Amino acid sequence: MRDCHRKHHETDGGRVLTARVFRVLGIDMIWLCVAFGIFLIPNFSFAEAGAEKTTPDMPLGEAIGQVLAMPGDADYGAYLATECVTCHQRQAANHAIPVIDGMPREYFVEAMLEYKYRLRDNSVMQAIMASLGMEELAALATYFSTKD
Amino acid sequence: MSSVTRRTFNKFLGAGVGVMAMPGILRAQGRKNIVIVGGGAGGATVARHLAEKAGGAINITLIEDSEKYTTCFFSNLYLGGYRDFASITHGYDRLINDYGIRKVTARAEEIDRTAQQVRTSTGETIPYDRLVLSPGIDLIFDSVPGYSAELAEIAPHAWQAGPQTQLLKSKIDGLKNGDQVVMVAPPNPYRCPPGPYERVSMIAHTLKARGLTDCTIVVLDPKEKFSKQGLFAEGWEKYYPGMVEWYGPNIHGGIKGVDVEAGTVETDFDTFSGALLNIIPAQQAGRIAISAELSDETGFCPVDAESMRSKRDQNIFVIGDASIAGAMPKSGSAANSQAKVVVMHLMADLMDTRVFPARYLNTCWSLVETNDGIKVGAQYGNVDGAIASTSSFISQPDESADVRRHTFEESVAWYDGITKDMFG
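One line per chain: the protein sequences are A and B, in this order. Once you know that position 114 of the first sequence is 114 in our numbering, the rest is easy, because the numbers rise by one and skip nothing. Once you know that position 30 of the second sequence is 30 in our numbering, the rest is easy, because the numbers rise by one and skip nothing.
Here chain A stands alone, though its shape is the one from the complex:
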């Protein structure tokens, strides 16, 4: 996962501090600091009061590895994906909501977990990921990676 991939997908403009920190420190340094429990990135929350913060306890890298190691229930993924398809259609109307059919599993899991850790901008996706657990994510990753 490279910074340039992340920038292409996000046109929000918010979280300038985050982008600057990523550029200055680099992804590895960020993970190192997270591992030591030092959060350099203030936790901006776009959700209204009462929304749940469900950032997992483990570092992002570990979470990614854990989800990728799970096989992912394809039937469960197919059901969960019915919620996604309304916005994420097979052909994107514009750049604001990207196509996710056929997205590689690793990239999908990484991007979705970045939403869960509120490291990637978009309040809709952050709210969606706050309500999805690791099992759900594995199921979805399996489902979308096999769709063409």
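For the record, the hints were derived by calculation from the structure and aren't laboratory data. Please note that a few of the clues may not be correct.
Computed footprint of chain A on chain B; a stretch qualifies when at least three of its residues, placed anywhere within it, have a C-beta under 8 Å from a C-beta of chain A [stated by the list, open to error]:
1. 57-65
2. 331-344
3. 377-384
Quick caveat: nothing in here was measured; it's all calculated off a predicted structure. We put the CB at the ideal spot given by N, CA and C, even for glycine.
Mind docking chain B on chain A? Use the hints.
The following block gives chain B in isolation, referenced to the frame of chain A:
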């Protein structure tokens, strides 16, 4: 069992060929019948997803009175001049031709819940194994004293999209500088919580674009607060200063009634006069759901949080505006989401497929001015027998122009997506 002679076998073969030769009359016997009332965000979505998953194994009948469907969502953008009418109106051709759905262009008049059949306005009786009701709302016209269905031809509500929307647009476009618009907003619960206020924004936008900045829009609201109120208020102040006046019950003291001919709305505080009146009355579930005794004293239909199954009838699902869906608002987005859960349960009921915990979502996008979009929404699940929010989001007052523009572009992509999800 008696032996089957060649003569008997040939008779059966002939009958079989006969059945295949007239599929329109004898919709394959032995297949289960799913009947859906309402071809909007809830009903059309159920039809398409069910057809996709069940293949030809289920007879799917969609009862919808309109030849084409105009979405209420994005109808404000048509009023604002951002979309044309054709772009918010959709046909059923693909559902019929590509998905094998039978569309009955008629009203559902009566449901016989014992015999499990629906009678239509064209006199047809359609049997169902499972029934999905997504009939939308009925307007309670006299909830605003002096208002009626007939008078809506002069003072449109445009809260059911189609000819009413076009009527309202023609009246907006006919306004002159200095004219006042008076909107009576609806009480809770109603479809599309931010809708009236997006409409105010869109009317203000067209007036401003035409240079008619001496016009005013008065909103008389039976509610003390409304969805995304702070965001709308900020937007109105920023873009349409002096043009919008919102009065809550604390100020107007109660809406007494409307005199459409005179163009006035009377409140306890004062009588407001408008060259254009937009009266949005109180609402209840679509008539068919109420006459089938599926509603409660609120005028909407209680359903099981896990499946959207009616609490009054195990064979009937109620979704969309007509349902009581816990914390979910009444919206196209919500109806489309609830439809997916229903399809999962229909498949399980009829084809014994797996059931997973229900998940729902809603997003309401509103346009305040060009490239300034705001949103609010949430994820939902079944929490102790009620549909409750599990995470949520809302636009913030101090967002950058980039964020607001992106929010609007998101809504455009969503609209494209949901209409594909509904109509194929």
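Query raised in the report: How about the stretch 57-65 of chain B: do at least three of its residues have a C-beta closer than 8 Å to a C-beta of chain A?
Result: violated (count 0)
Report task. Mind taking a look at whether chain A covers the stretch 377-384 of chain B? Criterion is 3 or more residues with CB to CB distance under 8 Å. Result -> Holds: 4 residues of the stretch 377-384 of chain B have a Cβ under 8 Å from chain A.
Report task. Please count how many residues of the stretch 331-344 of chain B have a CB within 8 Å of a CB from chain A and say whether that reaches 3. Result -> holds (count 6)
The structure fails hint 1 only (numbered hints given earlier).
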